[in-house]
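There are 6 protein chains.
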Amino acid sequence: MQYPLSPDVKPEFCTTGSYMRLPAQREDALVAIVGLPFDTAASFRVGARFAPQAIRQASMLLFPYHPVHKVFPFEDTRAIDIGDVSVIPHNIHRSYERMETAMRDLMAKGIVPIGLGGDHSVTLATLRAAKEVWGPVALIQFDSHTDTWDTYYEEKYWHGSPFIRAHEEGLLLPEKVVQIGIRGTLNHPGDVEASLELGYQVITTQEMRKRGAADIIRQIKETIGSTPCFLSFDIDFVDPAYALGTGTPEVGGFTSFETLELVRGLTGLNYIGFDVVEVLPPYDPAQTTSLLAATLVHDFAALVAERQKSGGSAAEQTAPGFL
Amino acid sequence: MQYPLSPDVKPEFCTTGSYMRLPAQREDALVAIVGLPFDTAASFRVGARFAPQAIRQASMLLFPYHPVHKVFPFEDTRAIDIGDVSVIPHNIHRSYERMETAMRDLMAKGIVPIGLGGDHSVTLATLRAAKEVWGPVALIQFDSHTDTWDTYYEEKYWHGSPFIRAHEEGLLLPEKVVQIGIRGTLNHPGDVEASLELGYQVITTQEMRKRGAADIIRQIKETIGSTPCFLSFDIDFVDPAYALGTGTPEVGGFTSFETLELVRGLTGLNYIGFDVVEVLPPYDPAQTTSLLAATLVHDFAALVAERQKSGGSAAEQTAPGFL
Amino acid sequence: MQYPLSPDVKPEFCTTGSYMRLPAQREDALVAIVGLPFDTAASFRVGARFAPQAIRQASMLLFPYHPVHKVFPFEDTRAIDIGDVSVIPHNIHRSYERMETAMRDLMAKGIVPIGLGGDHSVTLATLRAAKEVWGPVALIQFDSHTDTWDTYYEEKYWHGSPFIRAHEEGLLLPEKVVQIGIRGTLNHPGDVEASLELGYQVITTQEMRKRGAADIIRQIKETIGSTPCFLSFDIDFVDPAYALGTGTPEVGGFTSFETLELVRGLTGLNYIGFDVVEVLPPYDPAQTTSLLAATLVHDFAALVAERQKSGGSAAEQTAPGFL
Amino acid sequence: MQYPLSPDVKPEFCTTGSYMRLPAQREDALVAIVGLPFDTAASFRVGARFAPQAIRQASMLLFPYHPVHKVFPFEDTRAIDIGDVSVIPHNIHRSYERMETAMRDLMAKGIVPIGLGGDHSVTLATLRAAKEVWGPVALIQFDSHTDTWDTYYEEKYWHGSPFIRAHEEGLLLPEKVVQIGIRGTLNHPGDVEASLELGYQVITTQEMRKRGAADIIRQIKETIGSTPCFLSFDIDFVDPAYALGTGTPEVGGFTSFETLELVRGLTGLNYIGFDVVEVLPPYDPAQTTSLLAATLVHDFAALVAERQKSGGSAAEQTAPGFL
Amino acid sequence: MQYPLSPDVKPEFCTTGSYMRLPAQREDALVAIVGLPFDTAASFRVGARFAPQAIRQASMLLFPYHPVHKVFPFEDTRAIDIGDVSVIPHNIHRSYERMETAMRDLMAKGIVPIGLGGDHSVTLATLRAAKEVWGPVALIQFDSHTDTWDTYYEEKYWHGSPFIRAHEEGLLLPEKVVQIGIRGTLNHPGDVEASLELGYQVITTQEMRKRGAADIIRQIKETIGSTPCFLSFDIDFVDPAYALGTGTPEVGGFTSFETLELVRGLTGLNYIGFDVVEVLPPYDPAQTTSLLAATLVHDFAALVAERQKSGGSAAEQTAPGFL
Amino acid sequence: MQYPLSPDVKPEFCTTGSYMRLPAQREDALVAIVGLPFDTAASFRVGARFAPQAIRQASMLLFPYHPVHKVFPFEDTRAIDIGDVSVIPHNIHRSYERMETAMRDLMAKGIVPIGLGGDHSVTLATLRAAKEVWGPVALIQFDSHTDTWDTYYEEKYWHGSPFIRAHEEGLLLPEKVVQIGIRGTLNHPGDVEASLELGYQVITTQEMRKRGAADIIRQIKETIGSTPCFLSFDIDFVDPAYALGTGTPEVGGFTSFETLELVRGLTGLNYIGFDVVEVLPPYDPAQTTSLLAATLVHDFAALVAERQKSGGSAAEQTAPGFL
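In the order they appear, the protein sequences are chains A, B, C, D, E and F. Residue numbering for the first sequence follows the numbering used here, beginning at 27 and increasing consecutively. Residue numbering for the second sequence follows the numbering used here, beginning at 27 and increasing consecutively. Residue numbering for the third sequence follows the numbering used here, beginning at 27 and increasing consecutively. Residue numbering for the fourth sequence follows the numbering used here, beginning at 27 and increasing consecutively. Residue numbering for the fifth sequence follows the numbering used here, beginning at 27 and increasing consecutively. Residue numbering for the sixth sequence follows the numbering used here, beginning at 27 and increasing consecutively.
To be clear, the hints were calculated from the coordinates, so they are not data collected in a lab. Fair warning: there could be bad hints in the mix.
Copies of the same chain look alike in the list, so a pair counts if it fits in one copy or across any two.
List time: in silico DSBU-like cross-link candidates among lysine-lysine, alpha-carbon distance up to 35 Å [as the list claims (entries may be wrong)]:
1) K36 / K247
2) K157 / K247
3) K335 / K236
4) K36 / K182
5) K36 / K157
Model the full assembly from the supplied sequences, consistent with the hints where possible.
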């Protein structure tokens with residue numbers, strides 16, 4: 027049987043519960059969907075724990091072929107959906123450990139995980155896994171916030187801090203971190219500077235609109251080159267009109283078309299993982315936010331398939347021995 | 027591993043897509059959940075095709091033990107969830123065939139299916155399957171409508187006619203059919219008489235309230251005795267306050283407590299199948315209708331487990347040879 | 027062509043915009059549906075101006091025959107739907123005039139209007155019309171509030187005052203006014219006493235539950251006898267579970283079954299008009315409140331048809347000459 | 027009385043149930059609104075059967091004058107709303123026949139119908155009608171999908187196939203078919219090629235954005251010239267942000283402004299009919315999708331009025347004798 | 027100025043953000059509303075952190091006088107609303123400390139706090155405060171779950187464990203703990219026994235319906251006598267029809283009328299605090315759950331005012347010296 | 027304590043009920059938030075009376091620093107939130123008086139009010155206040171409608187007429203009135219001309235898109251110069267995709283990014299007041315409209331702070347003596 031199950035085989039509303047009805051295992055899988063239903067670290071609205079299943083449901087609206095990259099992302103990569111990591115709602119550290127373990131196990135096998143968050147703090151767990159397998163990595167962060175705030179009521183681990191913690195833990199190559207889409211009101215004028223001081227590149231929404239997608243894509247590609255690279259997508263990068271269901275919406279954001287243009291332009295990079303975070307189903311009355319997230323997952327897998335087709339799959343070629 | 031997956035093993039929001047995270051197969055399964063996502067035969071609101079997945083999601087709110095019958099319904103019966111039958115949205119007859127096949131295969135193995143509709147027309151397919159395995163069966167129908175209207179714009183197969191078609195096809199033992207909860211406005215004074223003429227017993231909501239649950243239960247048990255029996259539950263039996271998400275709601279219905287009292291009283295019968303139909307997720311803003319349906323499924327399985335415990339499992343003892 | 031259009035003639039979702047697709051005129055009409063989309067007099071939530079169309083849409087779920095009274099309420103009374111009175115949103119008095127005129131014109135022809143509010147202040151306009159045709163009338167008010175508060179920020183006309191204004195204007199026979207279902211917190215201990223001082227009978231929800239429906243029905247019938255009588259139904263009489271979409275919900279109310287029992291018991295009275303008010307579609311996510319209101323309209327028409335059948339139609343027999 | 031009823035005559039919330047409260051008949055009508063509440067052919071979400079009434083309700087937000095084309099579209103064309111075709115939910119072919127008959131009767135009288143779908147399969151019925159009156163016609167299709175898939179589980183008639191069936195039945199002039207807005211994932215790389223092989227022009231969203239509206243408009247006008255032409259608008263042409271309530275949303279679509287620019291640019295064509303399809307009210311929490319559809323209807327009528335004003339009404343001048 | 031601000035002074039929709047627009051401080055306050063917006067300890071749905079503000083908003087629908095107890099609950103007790111305790115979303119223990127401090131400070135002044143949860147774990151913090159001021163107290167718990175599960179993935183502090191933790195910490199007088207309304211599926215048969223083993227009285231929904239409200243009230247009063255007593259109300263005590271917006275709804279529950287009968291019957295007790303928990307605004311489409319919670323707060327204050335009137339205010343008479 | 031309360035001090039979901047938890051009074055306040063919960067003058071959808079509290083709730087998603095203008099808008103201006111004006115729902119004139127008084131009192135003290143409507147008629151009351159303090163003022167109106175219709179059913183005061191009434195009352199300097207964003211269908215071709223005849227500048231959406239933001243900003247600045255100026259923002263200026271919750275949505279509008287570009291460009295003007303109107307919470311399922319409105323308020327305050335920083339605060343420098 028071919029996967030994802032074609033709508034020719036079974037109507038799309040006959041779900042199996044997995045993303046596009048992918049199987050839980052296949053030989054030589056290159057890509058794995060992983061649910062990370064953890065939202066305890068959110069500071070305002072909560073509910074991202076239900077995002078993995080909502081994104082999977084919305085994925086039933088998608089078809090197997092990607093017409094821009096001209097690949098079958100899930101077939102070409104023999105993608106699997108391993109279900110949700112069994113996080114522990116009230117315990118950030120134990121949840122991190124479990125997410126880290128799951129992600130590391132995949133990466134160590136040369137599989138590129140696509141995480142379905144969860145609040146943005148889940149990315150820290152994934153980056154810890156990546157460090158073990160790949161060493162410090164490059165990062166492309168789509169987000170309206172830098173998420174490099176330090177503490178929240180003296181708590182160090184929350185969804186506003188993953189990228190300062192990642193820095194402290196040496197998980198990232200700071201000069202190869204690009205944060206795009208930043209906008210909105212701030213706590214302090216220094217909020218953005220905090221990112222710059224870590225060595226990150228920060229490109230605001232305003233600057234992006236002035237320069238255009240092509241120039242941003244060029245800068246990211248030049249910055250990152252062939253370094254193993256993680257792409258983290260906070261759904262609040264897009265405007266709330268396109269993502270009603272998110273935790274800390276910021277008006278003045280991107281359209282879904284602009285977003286896809288950017289993501290689809292980021293070809294040829296050595297991706298070792300992706301995630302899409304901060305989808306909140308209880309605030310998504312027509313499931314359009316989940317559909318956008320599901321579409322991004324399709325695009326992420328297509329980036330892997332596209333690179334593999336051109337002979338450059340990160341996972342197969344460059345994965346250092348793990349343990 | 028024990029099933030349903032205990033919330034002690036994995037948080038409830040980590041769904042696998044199946045009812046209470048049951049596996050797709052187990053040895054000696056006595057009960058099987060089956061999705062019947064067919065709603066083409068509905069005459070007014072549509073959307074019941076999304077009910078199977080919504081009921082499964084809502085099932086995550088349930089726990090494995092049934093405190094009234096004092097059984098573990100799904101463990102005791104080694105229940106499975108075989109997923110959705112691959113119906114064909116626009117074709118009633120081809121969909122019936124597929125549903126009938128799936129149901130017959132289960133019944134022939136001595137498994138009691140619990141169908142998750144779909145509109146009420148899916149019951150006809152299941153009763154056809156039952157006929158093949160069990161011969162004509164008894165029927166307990168919870169419903170605000172008799173569903174014995176003949177045609178709809180000359181169409182014979184729709185969600186208002188399954189129980190007249192079933193009669194014509196000899197699927198039922200008419201003197202062992204009890205329709206309870208009937209109420210609401212009618213097309214013609216003869217609408218209810220049509221059921222009586224078929225030989226069915228019809229107990230209206232008004233009569234039920236006057237007589238009380240115990241008396242209704244007694245009548246049903248006396249009528250049906252040990253005959254193989256199918257229980258079909260149209261969610262519009264309950265009041266729209268308790269089931270916002272249904273296709274043809276009727277005010278003046280039962281509460282969820284009253285409903286459970288009735289269902290829980292119907293012990294000791296020789297159930298060969300169940301279904302719960304007409305849940306419409308697009309009209310169920312807080313998923314309470316799906317939760318009620320999921321709870322009924324728990325109760326149905328408990329009725330099987332309860333009977334098995336007292337030595338009387340229909341499936342094990344009386345299934346005639348099939349083929 | 028028979029009206030209401032049978033679902034045998036046209037599917038129920040093919041609306042014409044009128045209640046149960048009734049025509050705008052028929053000879054010898056005894057009952058008329060009238061939209062009163064006025065909500066300027068509401069003190070808290072607003073939106074009842076959209077109730078007439080929402081109730082009409084929900085009416086598509088109903089069938090022509092009333093199985094309890096054994097009548098075809100709309101066919102037997104040759105009922106019509108004359109559409110909405112063209113109220114003026116910002117002007118209470120000009121709106122009253124237009125509603126009064128429309129209602130009076132109907133009543134003067136011996137037609138029993140069923141008004142679809144609107145906030146409860148619309149009843150004052152209807153009672154003024156009734157006065158002109160019938161003189162002071164009896165009143166049965168289903169409501170959780172007495173609506174006999176005097177002023178609201180010195181404004182005399184608002185949805186909390188229709189029944190004190192009606193008293194002042196001599197529109198009611200105070201000894202033949204029965205207010206049932208009263209409950210909830212009050213502004214002052216004297217709020218209910220205000221009604222009693224006007225000579226009205228007030229039966230609280232608590233008292234009703236203690237005495238039972240039969241006793242309440244008996245009291246109402248004895249009180250009103252054969253006097254021309256108006257029945258005004260504020261949807262907040264029922265519990266918010268059954269009527270999510272209303273302006274000033276009060277918990278602790280009646281179920282839809284209890285409500286229908288009461289309404290259906292009030293046979294044999296000399297009804298000269300009805301209304302159902304305070305339905306707010308923007309707060310009615312699954313249209314169940316509109317459905318309940320539409321069902322009540324069906325019952326109101328059935329009360330007229332039932333009385334006509336037993337030879338006692340108020341309109342035909344006792345309407346005094348108007349002009 | 028002038029139509030549409032001006033808000034000066036009756037407040038906008040006083041609906042009559044028809045689009046902008048148009049009458050059901052007028053002499054010399056040039057444009058007719060027709061409800062086509064058929065959604066059985068949908069493959070995923072259902073509910074478009076409620077779109078005609080939702081679009082009519084939303085039309086109450088519109089005013090009679092079109093400021094871009096400087097016409098009174100409905101007054102200038104003496105437009106009517108003939109209500110809904112009485113489709114039969116479960117039977118595609120019988121429903122097609124009824125829709126075809128209704129559309130043909132209008133077209134034969136020189137009236138330009140504006141169909142309110144329904145799923146996209148309703149267009150096939152309309153094109154059959156057009157063939158009878160006009161012979162094969164040109165087609166402008168706004169859509170994110172080509173809808174030239176062949177079968178769905180071996181079913182030939184569904185909402186993904188109208189434009190391959192229309193080709194087979196000779197309803198279209200293939201070299202005068204332009205499909206615009208195509209985007210999204212596909213079943214097979216050949217999905218779009220299928221349209222090209224039929225001889226259709228396919229312009230993807232990506233290409234459109236590169237070329238700009240003016241160039242697209244020019245291409246369409248050059249392609250179609252003065253040939254009788256049908257415009258079919260699938261609401262999923264726009265982005266889900268602008269059309270939350272649709273059956274198979276595709277992210278990455280157009281804004282409402284871009285859409286109006288395109289539609290308003292398509293002047294001077296010989297329109298013989300229009301439709302707007304795939305609006306799903308149960309997924310449209312603030313009725314914005316219905317409002318967009320209602321606005322498009324206003325624009326469609328304006329295109330007819332504009333052409334008539336410049337002396338070129340298709341209907342009046344070129345309608346061949348029917349029968 | 028009188029508080030709560032009368033709707034005679036300012037329309038109800040002119041909120042100040044506090045419960046019924048109470049002031050933040052008054053001399054001799056006997057009752058204080060306190061927001062406890064903590065929901066990190068929830069195991070399934072989250073969002074109760076928004077309940078305090080939602081309940082306050084819904085309180086605008088209430089009036090100052092309680093007609094059953096014949097008191098002005100907030101005026102008679104000079105009630106205040108001190109706003110929300112500044113909890114820390116990700117840290118259970120630090121949040122407990124802050125809630126405990128706030129509650130203890132109130133109790134030590136002889137003020138009876140009414141907590142607005144929050145998930146049910148907030149009650150543990152309040153009971154710790156009570157212990158410091160009052161010593162171990164009696165408990166009346168309205169709930170569909172006993173909340174005496176031990177751990178959740180080895181976590182001891184979560185919303186399913188407050189009443190086993192409270193027992194371990196000696197905060198309760200076990201023989202004076204009554205849990206009412208228990209129902210629903212269980213993890214293990216021993217779930218309820220766990221409560222019994224702690225010495226608590228458990229009365230299931232089924233038993234309650236058999237015995238009737240009066241008998242339950244009698245048992246509670248006899249059990250608790252004049253002991254200082256805390257009343258904790260989990261909104262899932264009522265049926266989901268009446269409380270759509272809650273975290274772990276259980277069908278088969280109580281109506282709002284039944285609930286009020288029970289609460290209103292519990293007069294004469296020595297209340298030292300109350301809370302209402304587990305309201306989840308994101309799942310409460312028409313705010314009816316918040317309204318029910320707000321009404322319960324009104325009733326709780328009325329119980330204090332009623333007892334004070336009859337000379338028995340716990341706070342004034344029996345508060346032991348604190349510090 | 028610093029205001030707005032930093033999320034460092036108290037989590038954002040701990041609301042006090044005021045905009046960004048501002049205090050009700052501070053010394054030397056330059057900016058004041060004022061709720062104007064009046065919606066009786068609306069002609070179609072109603073519910074803007076709940077906008078002030080919804081906007082305040084949404085403001086909890088904002089942070090204190092404005093990164094574009096590089097100011098702390100609320101700290102720099104010592105901003106306050108004085109709560110809601112106690113309007114009288116059913117009485118336009120008495121409500122105007124109260125709003126006018128509140129606004130005048132603020133303006134007379136040199137405070138710049140930011141009104142939270144309410145329907146657009148509230149602006150008339152504010153402009154009356156401005157006249158008393160400042161004489162006739164300039165006006166920048168963001169809106170899809172000119173709101174210079176004369177009467178509505180002979181009523182002069184409604185939400186479609188504030189800017190013709192303001193003209194008649196001499197509240198505006200007509201040559202310094204700029205209406206931008208106008209679009210949509212009209213009652214009569216003369217609707218826009220009516221504005222032009224009053225001497226107002228009208229820039230349609232279409233023209234704006236052609237000319238670009240910079241040119242529009244230039245025109246506005248040149249037109250208004252240093253004249254005391256009021257900015258009124260009707261939320262229907264933006265597209266319904268970005269503002270689902272409004273009373274008379276018009277498709278084809280602006281994005282939130284475009285809107286912010288415009289507002290942020292309007293620096294250096296002598297603002298004496300602002301308002302944002304026509305937000306309707308009952309139609310705003312994910313509160314994104316309220317969030318956009320709250321963000322605009324942040325921007326308005328930033329414009330005041332920015333000007334103050336550059337030495338040009340209107341209020342401080344040019345306020346003529348009042349009384």
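Checked hints:
1. K36 / K247: neither (40 Å within a copy, 40 Å between copies)
2. K157 / K247: Answer is within; shortest intra-copy Cα gap is 21 Å, inter-copy 54 Å.
3. K335 / K236: Both: 33 Å inside a copy, 27 Å across copies.
4. K36 / K182: Close across copies (16 Å), not inside one copy (47 Å); limit 35 Å.
5. K36 / K157: Intra 40 Å, inter 27 Å, cutoff 35 Å: inter-copy only.
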